[in-house]
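Take the given structure of chain A and dock chain B to it, following the hints.
2 protein chains.
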Amino acid sequence: MSPTAARVTAFAPGSVGNLGPGLDILGLAVAGAGDEVTAVRTSGDAIVVEDAGHPDLPADPARNTAALAAREVLRRAGVGGVGLALTVRKGLPLAGGQGGSAASAVAGAVAVNQLLGGPLDLDGLLAACLEAEATVAGRHADNVAPSLLGGIVLVRATDPPDVVRLAVPPELRVALVHPDQRLGTKESRAVLPQEVSLATALHQAAQVAAMVAALATGDYALLGRALDDRIAEPARSPLLPGFAAAKRAALAAGALGASISGSGPTAFALARGEAAARAAGTAMQAAYAEAGLSATVRIADVDRTGARVIA
Amino acid sequence: MSPTAARVTAFAPGSVGNLGPGLDILGLAVAGAGDEVTAVRTSGDAIVVEDAGHPDLPADPARNTAALAAREVLRRAGVGGVGLALTVRKGLPLAGGQGGSAASAVAGAVAVNQLLGGPLDLDGLLAACLEAEATVAGRHADNVAPSLLGGIVLVRATDPPDVVRLAVPPELRVALVHPDQRLGTKESRAVLPQEVSLATALHQAAQVAAMVAALATGDYALLGRALDDRIAEPARSPLLPGFAAAKRAALAAGALGASISGSGPTAFALARGEAAARAAGTAMQAAYAEAGLSATVRIADVDRTGARVIA
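Protein sequence lines correspond, in order, to chains A and B. For the record, in the first sequence the residue sitting at position 280 is 280 according to this note's numbering, with numbers rising by one throughout. For the record, in the second sequence the residue sitting at position 231 is 231 according to this note's numbering, with numbers rising by one throughout.
Simulated from the structure, these hints should not be mistaken for laboratory data. Hints may contain errors.
[What the hints assert, rightly or not] Only some residues are given here: those of chain A computed to face chain B with a beta carbon under 10 angstroms:
1. Leu-120
2. Ala-214
3. Asp-228
Where a beta carbon is used, it is the ideal one built from N, C-alpha and C, also for glycine.
If we strip away everything but chain A, and leave its shape as in the complex, we get (with noise of 0.2 angstroms):
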């Protein structure tokens, strides 16, 4: 355990959730971006958010993901009677689906943590941080994970959490495209089937697997190929204007695949080298704009370190 700190301020990378065929399961830490959490220690014993970092998110602890992550940090380390105040700092776009709520989440245990000392490994900052996002989110890992530990994640489980970090080849990088569209995460998820067919399940199950084994072993055409999502993008592609096009753009740009990250609107492509990524984000933008949508573009590696304490 480190010495205890009066004022801490933690960083966590934004992240691609349901990254392809991976719903749920698959999560990739973006380099670049992320969300900024200071902890002070108070005299009181409640957790205040002074700032929430962005008028539309929520000052209230009950409902404010740093908050909630932090107060799960201090239930976990056992430790009662501490007051808190948070400041956030969104770097990240609201309702983006560039893991936003789960980077804060993350910054806010992390900052916590190290406040206290550093209690809690990283089992139970991805524990504390996966409570955060279900309340506000859903249970699931597929952003929190790779935001606090960095690289590709893979969620085996989430109760207990089990995660693994997958190999990350050296020339993978993201384009992440963000039309000007509104796509709440409640009704993205609204429109997920509940059941599907065997079919359906084993494809899916088979281009996930397929996906870590190309990870493993560097083979971006694999990534490529595997990276099938039959399950969300066919649900929520009709939501999203512009994203069919934007896909069908990546491809033809030269893109490994391309989806939709998290639970959109903002769409992402993978591809092989910083040049590949790029005019796979300008031919998406393209897209877009054929569609009467303005969108921005951001071209980023993976994020290898996930998240840490940097002040």
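For chain B alone, kept in the frame of chain A given last:
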């Protein structure tokens, strides 16, 4: 291409299909027992099965798996007017769930391909074997692919076949326990659900993917945790008296995991090391005995070679 011969014998190992959660998509080649097929060129242009290897197996070339594979090799090689006489020697039990029909198909295909000077590569051979298997046992490659290629094989797709040979940790051993009971492939497939819940589909996908990750890194404990089939095993277990107790016994004896081999009735356990596999096999045999069933046990390594010409 090798020079053509007048008489070739090939061997193909048995396999565990439906490896745990990998229903239809994950299979493991088992060292030791297998089927042999001798192919001889004849003056006519017909494929004749001189000996099907067992009185219960069809000698009709339209229903014999070795002959079907042989015919498919000729078709894919574009070779007409070739007469073949096939002799099958069964080293694998009939309807045992140990990949016997696949092994006969693979040995037949490999023997005939060699007889022709090797016109087909492994992809072509796999496609030929898959056609034969589809005629007699359903369109799945989780037995033919490991029998042909050796090792543990993930089937990403079957149309066209796209398979991935996975890493095999050095200490991995298999216990195959064959109880004296019958379960036809058709009956065994008939009880599979046509639809599964989304939660079950995602859990199953996560387990197959985690098995692939565990094999890639040699993480035996993860391999055991991931060997959790919630689709086929719950449906088939009621048809297989003694299986549930045998599985419990295997786990209690130190196996990493256990499930039904192929469509049964053979049960298998995976273990780390020969001694653990033997303990699991013995415990499973005792459990079947308590259920009033005699059972044969085989402890084996993974066959890492696959099918081969032996004469």
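Exercise. Can you list which hints this structure breaks, lowest number first?
Worked result: 1
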